[in-house]
Each structure stands twice: as C-alpha cells, then as structure tokens.
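Chemist: What follows is each chain in one-letter form.
There are 2 protein chains.
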Amino acid sequence: MPVIDMSAGVVLREVGLRDGLQSLARTVPTADKLAWLRAAHAAGLREIEVGSFVPARLLPQLADTAELVAVARTLPGLVTSVLVPNLKGAQAAIESRADAMLLPLSASHAHSLANLRRTPDEAVAEIGRIRALRDASGSRCRIEVGISTAFGCTIQGRVDPDEVLRLVQAALDAGAEQVGLADTVGFADPLQVARLFERGLRVAGDRLGCAHFHDTRGLGMANAYAAWQAGIRRFDASLGGIGGCPHAPGASGNVATEDLAYLFMSMGVPTGLDFDALMALRGRVVQWLAGEPLHGSIWRAGLPRTLKEPA
Amino acid sequence: MPVIDMSAGVVLREVGLRDGLQSLARTVPTADKLAWLRAAHAAGLREIEVGSFVPARLLPQLADTAELVAVARTLPGLVTSVLVPNLKGAQAAIESRADAMLLPLSASHAHSLANLRRTPDEAVAEIGRIRALRDASGSRCRIEVGISTAFGCTIQGRVDPDEVLRLVQAALDAGAEQVGLADTVGFADPLQVARLFERGLRVAGDRLGCAHFHDTRGLGMANAYAAWQAGIRRFDASLGGIGGCPHAPGASGNVATEDLAYLFMSMGVPTGLDFDALMALRGRVVQWLAGEPLHGSIWRAGLPRTLKEPA
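Those sequence lines, one after another, are chains L and X. Heads up: the first sequence at position 311 corresponds to 311 in this note's numbering, and the numbers run straight through without jumps. Heads up: the second sequence at position 51 corresponds to 51 in this note's numbering, and the numbers run straight through without jumps.
Source of the hints: derived by calculation from the structure; they are not laboratory data. Even for Gly, the Cβ is constructed at its ideal location relative to N, Cα and C. Where hints are given, some of them may not hold.
[What the hints assert, rightly or not] For each label pair, taking beta carbons as the anchor points, the in silico distance ranges come out as:
1. 274/X x 75/L: 47 to 55 Å
2. 133/X x 291/L: 57 to 65 Å
3. 283/X x 121/L: 40 to 48 Å
4. 24/X x 97/L: 52 to 60 Å
5. 160/X x 300/L: 24 to 32 Å
[What the hints assert, rightly or not] In silico negatives: residues of chain L with every beta carbon more than 12 Å from chain X:
6. 31
7. 75
8. 78
9. 95
10. 215
11. 222
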C-alpha cells in the first residue's frame with residue numbers, strides 16, 4: 001500500500017439543504033432550514049451548500065436561498081456555496097455574497113439537454129460568461145464546476161472518460177477555479193473512480209477538488225475510499241443520504257454525511273466533525289422530513305465500541 | 001494505482017445456508033435448503049458452506065447438514081464446506097466426505113470464551129488434534145481456519161493485530177491448510193483491512209485465502225475492495241446479507257452475495273456468476289425466510305444500464 005499522509009484531513013461539504021431538498025416535493029420552512037444550517041455548522045461542517053439560485057417557479061423548495069446565504073455568512077469559518085445553473089443565477093449568487101458558486105456541467109450529452117437544456121459545450125461557454133461577470137463585478141465568489149454523470153448516465157448509458165477529461169480541461173480554460181467529478185446516478189465502481197480521478201488529477205492538479213457520490217447501489221463508501229486513495233480530500237454528502245437529480249431517472253441518495261464521517265473517523269483521518277452532534281442533527285432532519293425515506297447505514301448500529309474507547 | 005492482474009477472477013463462497021441460517025430462530029425445511037443449494041450452484045457459485053456439525057440441540061436449524069453435504073457432493077465442480085467447532089464435529093465432517101471444514105478461531109479472548117468456551121490457544125490445540133485425526137483417517141477434507149473478531153469485538157473491544165497474526169501463524173503451525181480473516185461484528189474499516197491483510201499475506205502467503213466481512217455499518221463493500229487490492233481473491237458472502245454470530249451481540253448481516261457480485265462485475269473482475277440467476281434465487285430466499293429482515297443494496301436499484309449493454 002502506498003504511504004498516505006494521514007495528518008491531512010478531509011472536508012465534507014454538506015449538500016442536503018440543496019441537493020437533498022430539491023429532490024423532495026415538500027418545502028421545508030425557512031426557520032427549520034436555518035436551525036439545520038446552524039446545527040450543521042455547530043457539528044463542525046465548514047462547507048455547506050445552502051441552496052440554489054434557480055427560478056422559484058422551478059424549485060420553490062429553494063426560494064429562500066438568499067436568506068440562507070445571509071445567515072450562513074455570519075457563521076465563523078464557514079464556506080457558503082450555492083448552486084447556479086446560468087448567468088442570471090450567478091448574478092444572484094454574487095449579489096448574495098456567497099463564498100462559492102457551483103456550476104453543473106453534464107458529461108452526458110443527453111443528461112445535459114434534459115437537466116440544463118443545453119449541450120455540454122454550451123454550458124462551458126456559460127462558465128466563461130459567468131467568470132467574466134464575476135471578475136467585472138469585483139466579487140471573490142469562487143467558481144466551482146461539478147461535472148455530473150461523470151461515471152455514466154441513466155438516460156445515455158456509458159459516458160466516455162475522455163469526454164469527462166476534455167470537459168475538466170474546458171471548464172478550467174473557461175475560468176473555473178475548482179472542478180469536481182460527480183457520480184450523479186450511482187453507476188460508479190471503485191476501480192473506475194480510481195482511474196478517472198487519477199487521470200483528472202493529472203489534467204487539473206489540485207484544482208480537481210471534490211468527489212460527489214450517490215449510494216444508489218451500495219458502493220458509495222467504496223467509491224469514496226477509492227477517491228481518497230487517489231488523493232481527493234473533499235467530498236459532497238448529505239445528512240440522512242437525501243438527494244437525487246430530478247432529471248436523472250433512478251438517481252437516489254447522496255452518500256450520507258454521517259456514513260462518510262464514520263468511514264474517515266474509523267480510518268483515523270481527521271474530519272473536524274463532532275459525530276454525536278451530526279447524529280443528533282440527523283434525528284432532527286428525520287422529524288423535519290417526516291414521512292420521507294432517509295438513507296445511510298451507521299445510524300442503525302452506531303459507532304463500534306473500538307471508536308468510542310481511548311486508543 | 002498499482003497494476004493489478006484483472007484476468008484473475010474472484011471466488012465468492014456462499015455461507016447463507018450456514019452462517020445465515022444459524023442466526024435465525026426458524027428451521028428451513030431440508031427440501032427448501034436443497035432447492036437453495038442447487039439454485040446457488042446453478043447460478044455459478046462453486047464454494048458453498050452448507051451447514052455445521054454442531055449438536056442438533058444447540059443449532060436445530062442445521063441438523064440436516066450431513067444430508068446437504070451428500071447432495072452437494074453430487075453437484076459438478078462444487079467445493080462443499082462445513083463449519084466444525086471441535087474434534088467431534090471434524091469426525092462428522094470427515095465421515096460426510098465434505099471437501100473442506102472451516103474451524104473457527106476467535107482472536108478476541110472474550111469472544112472465544114463466549115462462542116467456543118475455550119481460549120484461543122486451546123482452540124489452536126484442537127486444530128492440531130483435528131489435523132491428526134484427518135491425516136490418520138486418510139481423508140482429504142481441507143482444513144481451513146477462520147479467524148473471527150480479527151478487526152475488533154463487541155465483547156472485548158479492540159483486538160491487537162499482533163495477536164491476530166500470532167494466531168494465523170499458530171493455526172498454520174497446528175496444521176491448518178488455509179486461513180481467513182473475519183470481521184465478525186462489522187467493526188473493520190478499509191485501511192485496517194488493507195494493513196492486516198497485507199501483514200497476514202507476509203506471514204501466510206497464499207495460505208491466507210479468504211476475507212469474511214459483515215456490512216453492519218455500511219463499510220462491507222469498501223472493506224472487500226480494500227482486501228481485493230491487498231491481493232485476496234476469495235470472499236465469504238450470503239445471499240440477502242443474512243447472518244450474524246449468536247455470541248457476538250450487535251453483529252448482523254454478512255455482505256450480500258449479490259452486492260459483492262455487483263462490485264466485482266462492475267470492476268470487470270470475473271466471478272463466474274450469473275447475476276440474474278443470483279437475483280432470482282434471492283427472490284426465493286425472500287419467500288423461504290418470509291418475515292425475516294434481508295439486507296443488501298443492489299436489489300433495490302438493479303444493475304446500472306452500463307452493465308447491461310455491450311461495451
């Protein structure tokens with residue numbers, strides 16, 4: 001096994017308030033979202049995606065995003081990010097003074113048309129316009145691109161790794177400052193993850209920053225481990241494993257934040273997270289989302305006693 | 001990533017008929033077990049643990065083990081194994097003409113006393129007596145030792161890796177022909193798995209043959225991937241993830257055979273298994289065990305379409 005620097009921790013980016021809630025029909029009251037946000041910060045989460053600047057008629061669940069950003073910005077040390085589908089959303093993100101905006105770019109042509117109503121290359125061109133807008137505005141809002149369906153697509157089927165890597169380079173060339181790879185529909189396996197992230201790191205270096213997995217078929221933890229082995233140190237996750245893309249049929253469940261926290265805790269990799277506080281928040285999420293299916297594994301059995309005892 | 005020989009396949013040993021059924025209060029009729037056995041063989045499984053030679057008053061669920069061995073021996077190419085807790089069980093295994101007997105050896109002193117009512121070193125001495133009996137009888141029944149609680153124990157807590165490795169060597173010295181490491185209670189993480197199997201392989205070489213994981217906390221697939229990376233090519237699993245040790249409180253669920261099959265299929269590693277036939281058998285197991293909780297992940301979403309299409 002290659003020697004890995006274990007002192008370097010990992011960052012889990014909580015995306016439940018955006019990726020999770022957009023997949024549910026109900027609208028969670030803003031007051032509950034704010035309690036959720038504050039508790040997530042108190043549990044040690046230092047990157048939180050709080051919403052999306054999309055038209056409220058499309059995603060009324062996220063209509064209060066600007067309000068969430070305003071509160072999130074007051075929480076010490078928190079990197080507040082929002083999803084932004086286009087130039088208009090980017091303008092709103094800049095005005096909200098979010099720390100980062102996440103731009104989706106589908107590696108699957110078919111998913112790109114279904115989800116964003118534009119081809120991947122048209123989405124790349126929009127990244128360029130967003131970068132120009134951001135620079136002209138004097139904003140320091142970081143531009144991140146999440147390459148979705150990077151490991152396959154429920155609509156299109158296979159996605160060529162060469163096309164994924166071409167889009168990584170194109171996104172950087174267009175002005176993205178960070179790029180991540182997402183297994184939007186839960187098709188990835190750990191060898192595929194290792195290979196694509198290793199190739200991506202050769203293209204993008206430390207600008208390839210984030211891995212986003214869904215646990216649709218039970219390989220979420222194995223895929224996260226494989227990405228970590230490849231050198232990735234930031235992971236998207238949602239408490240209770242909620243989430244799924246409305247334009248990717250069959251997609252379900254981000255990897256659960258608490259499961260990912262357990263994976264890294266058990267390996268001795270620092271996360272900065274308070275596991276008990278995470279689980280307490282999960283319990284509140286269960287109540288806020290009463291009736292919705294939550295996911296994940298560690299909540300059933302709890303931590304092994306070997307993790308609860310001093311070494 | 002190190003280069004791995006992908007042409008070498010993996011062997012999944014189905015343990016549901018033993019490890020699975022011993023954990024359930026009900027007794028499955030022999031006729032159903034035989035249908036299960038035949039369908040497992042037809043789905044491509046070539047190692048099946050069909051039962052255990054323990055007193056019927058302790059495990060009435062497995063009282064028909066000799067009958068299952070007799071039928072299993074007629075199935076072409078099948079390695080039929082049985083669990084054997086002591087010399088008397090070994091005698092029965094030899095008489096049954098099973099191909100292999102699996103001897104449990106707990107690395108946790110506390111679990112050893114609870115489960116086998118002897119210390120680990122007393123269990124090692126019994127391995128020696130069983131080897132002498134086997135050799136004297138002219139039998140060719142292979143002697144395998146499964147080192148349970150190798151990654152931690154619900155009763156004792158931490159288990160020292162040095163003690164596990166000492167027992168690997170002791171088991172081989174006492175006459176075991178194969179040794180495996182088992183995460184009986186679902187405490188293992190992938191780094192721990194990688195490290196212990198790598199050390200074990202240096203001690204035992206290719207006599208360290210098998211990995212046995214439980215998915216109690218959602219890390220079963222990640223642990224299997226880590227063991228595979230370390231060089232392990234045989235894995236225990238049970239259809240529907242049934243199983244658990246009655247003397248290891250909180251233990252639940254072997255890794256599901258169908259999940260492990262999916263993991264390796266998705267990575268392009270040959271398994272010799274017919275996935276659709278496995279899933280059809282899982283459906284019958286659901287009926288035979290009506291009312292019992294089954295586990296696993298892939299049954300929910302099914303194979304990704306990328307695995308169902310020609311490359």
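Chemist: Hints first: check each against the structure and report whether it holds.
Modeler: Each hint, compared with the structure:
no.: 1; hint: 274/X x 75/L: 47 to 55 Å; result: holds (53 Å)
no.: 2; hint: 133/X x 291/L: 57 to 65 Å; result: holds (60 Å)
no.: 3; hint: 283/X x 121/L: 40 to 48 Å; result: holds (45 Å)
no.: 4; hint: 24/X x 97/L: 52 to 60 Å; result: holds (58 Å)
no.: 5; hint: 160/X x 300/L: 24 to 32 Å; result: holds (28 Å)
no.: 6; hint: 31; result: holds (32 Å)
no.: 7; hint: 75; result: holds (29 Å)
no.: 8; hint: 78; result: holds (27 Å)
no.: 9; hint: 95; result: holds (40 Å)
no.: 10; hint: 215; result: violated (7 Å)
no.: 11; hint: 222; result: violated (4 Å)
In terms of the numbered hints stated before, the structure departs from hints 10 and 11, listed from lowest to highest.
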